[in-house]
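J.: Sequence:
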Amino acid sequence: MKRYFLIYSTFLLTLVIASCQSTPDQGSTETENDANNKILTEIDANAPVVKLQLDAAGNTMDDMEFVQKELTVKTGSTVHLQFNNLSTDGAMQHNFVLIENGEADKVGSFAMQAGAENEFVPRMPEVLAHTKMLLPEENVLFIFRAPTPGTYMYICTYPGHYSKMQGMFIVTE
Numbered sequence: 000m001k002r003y004f005l006i007y008s009t010f011l012l013t014l015v016i017a018s019c020q021s022t023p024d025q026g027s028t029e030t031e032n033d034a035n036n037k038i039l040t041e042i043d044a045n046a047p048v049v050k051l052q053l054d055a056a057g058n059t060m061d062d063m064e065f066v067q068k069e070l071t072v073k074t075g076s077t078v079h080l081q082f083n084n085l086s087t088d089g090a091m092q093h094n095f096v097l098i099e100n101g102e103a104d105k106v107g108s109f110a111m112q113a114g115a116e117n118e119f120v121p122r123m124p125e126v127l128a129h130t131k132m133l134l135p136e137e138n139v140l141f142i143f144r145a146p147t148p149g150t151y152m153y154i155c156t157y158p159g160h161y162s163k164m165q166g167m168f169i170v171t172e
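Numbering-wise, the sequence shown is residues 0 to 172 according to the numbering used here.
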């Protein structure tokens, strides 16, 4: 009987210790698990800082949206993006995914295949940077380096959202 108690106690202790281990927040400046996001999260300490806010709003598929439809920054600047999910409905999870212009359909169609374990973000060259998936009323400060000059897009890749939740990310000289 003591033997079973000892085995059971050891098993429970192992579970408790394993559950206490933490992992880095994907919305932080911690190194991401995909190469594209790592490149844009390598920050130049001397670069100018641009503070932006992006709000995801709406509690139904009909009224969900990015409140800010366009964001503009200078190339090479360090972007501090305060991303807020203003939704209150549990089904309205959102992320910010910076992509090459005109690639929303391609990236969005592969998002479901990427799955929840990858925050519905496909690992492909068209994806430049992304936040973690935010639950309703959650927010994250996402810090990344602005890419080269040009027009980019940002979308939400939660299944069914990308066709409605889009904005333009403009990078100037």
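Bear in mind the hints are in silico, worked out from the structure with no lab data behind them.
Some hints could be false.
[What the hints assert, rightly or not] In silico EDC-like links for lysine to aspartate or glutamate, alpha-carbon gap of 20 Å or less:
#, residue 1, residue 2
1, LYS163, ASP62
2, LYS131, GLU41
3, LYS163, GLU125
4, LYS105, GLU125
5, LYS50, GLU137
6, LYS68, ASP104
7, LYS68, GLU116
8, LYS105, ASP88
9, LYS131, ASP54
10, LYS73, GLU137
11, LYS131, GLU99
12, LYS73, GLU99
13, LYS131, GLU116
14, LYS163, GLU118
15, LYS163, GLU99
16, LYS73, GLU116
Quick caveat: nothing in here was measured; it's all calculated off a predicted structure.
J.: If a hint holds in the structure, say so; if it does not, say that too.
T.: Hint check:
no.: 1; hint: LYS163 with ASP62; result: holds (9 Å)
no.: 2; hint: LYS131 with GLU41; result: holds (17 Å)
no.: 3; hint: LYS163 with GLU125; result: holds (19 Å)
no.: 4; hint: LYS105 with GLU125; result: holds (9 Å)
no.: 5; hint: LYS50 with GLU137; result: holds (19 Å)
no.: 6; hint: LYS68 with ASP104; result: holds (18 Å)
no.: 7; hint: LYS68 with GLU116; result: violated (28 Å)
no.: 8; hint: LYS105 with ASP88; result: violated (27 Å)
no.: 9; hint: LYS131 with ASP54; result: holds (14 Å)
no.: 10; hint: LYS73 with GLU137; result: violated (28 Å)
no.: 11; hint: LYS131 with GLU99; result: holds (19 Å)
no.: 12; hint: LYS73 with GLU99; result: holds (17 Å)
no.: 13; hint: LYS131 with GLU116; result: holds (11 Å)
no.: 14; hint: LYS163 with GLU118; result: holds (18 Å)
no.: 15; hint: LYS163 with GLU99; result: holds (17 Å)
no.: 16; hint: LYS73 with GLU116; result: violated (33 Å)
In summary, the structure is inconsistent with hints 7, 8, 10, 16 from the numbered list given earlier, while agreeing with the others.
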